[in-house]
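Asker: As they're listed, the protein sequences go chains E and U.
Taken in order, the first sequence gives residues 1 to 433; the numbers are from the working numbering.
Taken in order, the second sequence gives residues 1 to 433; the numbers are from the working numbering.
Just so you know, the hints here were simulated from the structure itself, not pulled from any lab data.
Quick reminder that beta carbons are idealized off the backbone N, C-alpha and C, glycines included.
Taking lysine-lysine pairs in the DSS-like style, the calculated list, with each CA pair at most 25 Å apart, reads:
| id | chain 1 | residue 1 | chain 2 | residue 2 |
| --- | --- | --- | --- | --- |
| 1 | E | Lys144 | U | Lys135 |
| 2 | E | Lys135 | U | Lys144 |
| 3 | E | Lys144 | U | Lys145 |
| 4 | U | Lys105 | U | Lys223 |
| 5 | U | Lys135 | E | Lys145 |
| 6 | U | Lys266 | U | Lys62 |
| 7 | E | Lys145 | E | Lys135 |
Non-contacting residues of chain U with respect to chain E, defined by C-beta distances greater than 12 Å in every case (computed):
| id | residue |
| --- | --- |
| 8 | Glu83 |
| 9 | Ala113 |
| 10 | Arg131 |
| 11 | Asp199 |
There are 2 protein chains.
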Amino acid sequence: FDEQESELLGEKLSQLEPEEIAVALEAMPLEQRLSTWLALHPDEQVHALGYMREDARENIFKQLPDAALTELVARMDVDDLIELLDELPDAVYQAACSKLDASEKLWLATALAYTDEQCGRYADHDVLTIRNNAKVRDAVRMFKKLNEDAEYQDSLMVVDRTGRYVGQLHGTRLLGAPSHLPVVEYIDEEAPVVEGEMDLDTGSDIVARSGYSALAVVDDESKLLGRISIGEALENVRRSLEGQFMHTAGLDENEDLFAPVIASAKSRAVWLGINLLTAFLAAWTIGLFEATLQQQVALAVLMPIVASMGGIAGSQTLTLIIRGLALGQITPQTYWTLMRKELGVGLINGVLWAVVICGVTYLWFGDWIIGIVIALAIVINIFVAAFSGVVIPVWLEKARIDPALSGSVILTTVTDVIGFFVFLGLGSLLLLP
Amino acid sequence: FDEQESELLGEKLSQLEPEEIAVALEAMPLEQRLSTWLALHPDEQVHALGYMREDARENIFKQLPDAALTELVARMDVDDLIELLDELPDAVYQAACSKLDASEKLWLATALAYTDEQCGRYADHDVLTIRNNAKVRDAVRMFKKLNEDAEYQDSLMVVDRTGRYVGQLHGTRLLGAPSHLPVVEYIDEEAPVVEGEMDLDTGSDIVARSGYSALAVVDDESKLLGRISIGEALENVRRSLEGQFMHTAGLDENEDLFAPVIASAKSRAVWLGINLLTAFLAAWTIGLFEATLQQQVALAVLMPIVASMGGIAGSQTLTLIIRGLALGQITPQTYWTLMRKELGVGLINGVLWAVVICGVTYLWFGDWIIGIVIALAIVINIFVAAFSGVVIPVWLEKARIDPALSGSVILTTVTDVIGFFVFLGLGSLLLLP
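Turn these sequences into a full structure, and let the hints guide you.
Answerer: What follows is the structure, given as structure tokens:
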């Protein structure tokens, strides 16, 4: 690729929505990404950045000189600034803050009073508010002033004179309304609200299920902080589920497809190291039975089967429970019913496959006792796997540790260690003279 | 639980949105689920079913006598019927169809002309349409007649006299418009449209990124089929990502948390069976080196480490690539750049951990040659894992096989077989006298 190509690409991208531009930029190797991004219109540059994943965005920031970065940040509004807070060099961030006006500084301070997992931090300030003593004609005037590109702006947020949220005023309900009437006659007070202290996933779910285009975000005195639109809710739901998927492999949801090799190797090394500990623990378990293995080499050949079947069965239960936890479907009332069900499933599949494996083993090694040893080990390991698949994620969730990230390593440790121990232990008991 | 408790629960649930009722019902064991669902208002029964996962819904259908089911289906609209088509007993479905009026029968026939993965099948008929020769007052009248619960209904779909889609008419744009003017002056012709033949994921993405509350779905002659609202798009995006997560463990996204034990054991047995083949292949590879193992039992102790590290490194690459494929980010132009990057990451991490493992192995067994054998095997296996992690999902995607479902089994087969073969092979060469 060259400069010219990037310009052409930039022009093509300009016809897309900012979300699509972001996805397309993330699909480019770093150098091409930068030059294509530079070929975008300055406003699109800012919008596209807002929709990119953190790592991909940082890889653009890193390639920009500080002066260009400062210029870029000057074009951002306060909502962009709040989002990029942690990613900007300190000097650039401070320079941008100093240029905010008084009301923007207040927004910034209010947002920063919440953690980066709470709705209060991300409440969008691009919200149309109207006082509850206004007339219909005032509301109509506000709708008429709306930019054509305004998204999910078909209602106004009504506040009282102290800034407390009162309800929503839907544009369509004002059709044909006499313009001298007060808006209070048309306010929708039924619309749910999102509290600033809720975590972003909960808030996004409320917006998603409300059927409204946007909901108000309020503080603990019900003052209006901003709004979360259905578009933002969808983006949050997507990020959260994508994160769950990436975590199963120990990856961050922000992992950049084209991250520099060194950076990427570093971020993945940790996960490999953790898994290496697990692997050494499994090896140590095997090491306890060196003498047995020397006399019965068939056990060495078969032992990965026991560990693998336990791991697979356990991860099925684990995955089901993680989804249930994410949806808030696992409650103390139903915990034991669920456990009994999973243990039942484990027992049935354990016995079923134990019989098959026993048969194949007999055909292979011509020894019934080896067949019986592996069959017993399979039943026990799959049963333990089902138990662990329920217990581990529930316990991790209680300890506020992400079960999608840590669950599989812990589960594999259990199924490997138990699998090898039971199989080689039974082998030592039944096969050695 | 008893009947009374279920009634209380039913009353509580009635205060929630149908999506929330569906999630709550899925979180209940089967008997309690049925009795709680029965305690709901008939309309809520239908709505909640529409939002439940297929398996959970079927588990309610199975417990209902045919007469009750027929009565239930009689309360459904044609959109519900289309969705439940495959899940209803044939007699019940036929009875319901015979009660549809002519226009509903036409809808049904049109929907069934599309596959169950296309947008045309799921276009929502709950769409307000207006002719392009209408006046503003006609449009205003339509908005005023809207039910208060109507969701994402702040624009009308404009059609010409042959039923061809022309554009959207937003309620807020009509505020203050003279009522005798023709609506054509206010039509938004820029709104994107979804084609009936697009697959549901693509269509949902278009709606999600459009910034509109709903988009028109049209057939290949641009006749209006219905609409997809942002609420439905969000639900589809959620289902699709949840599916990706569940597939990694060989589970269906519809898997019911409280499925009957036998049904659940059956659906999971297949996945265990497939993985057993992989495990036997790995065992067979080990079996090739029985003689070596007998003389060098340390190899048996250490071999799971080689397989495990390859599996973990490979699944990181695999997961990253699957996400990229789902977002349409992997293109032939960037394929080799991506491959070089992943191979680079694999090489760095391979060498890094090989050194560590070599050291630990020396401390454990006091033999440098074993350390060198495992180090070489680790480097080779992690390198092969990175290569396979890119190649396998891309190849599966081309063959139209879901990489989230099949990718991990194939990858594990490769990393197990290569890992054991290289490690034990090198061991035979370097350690045997």
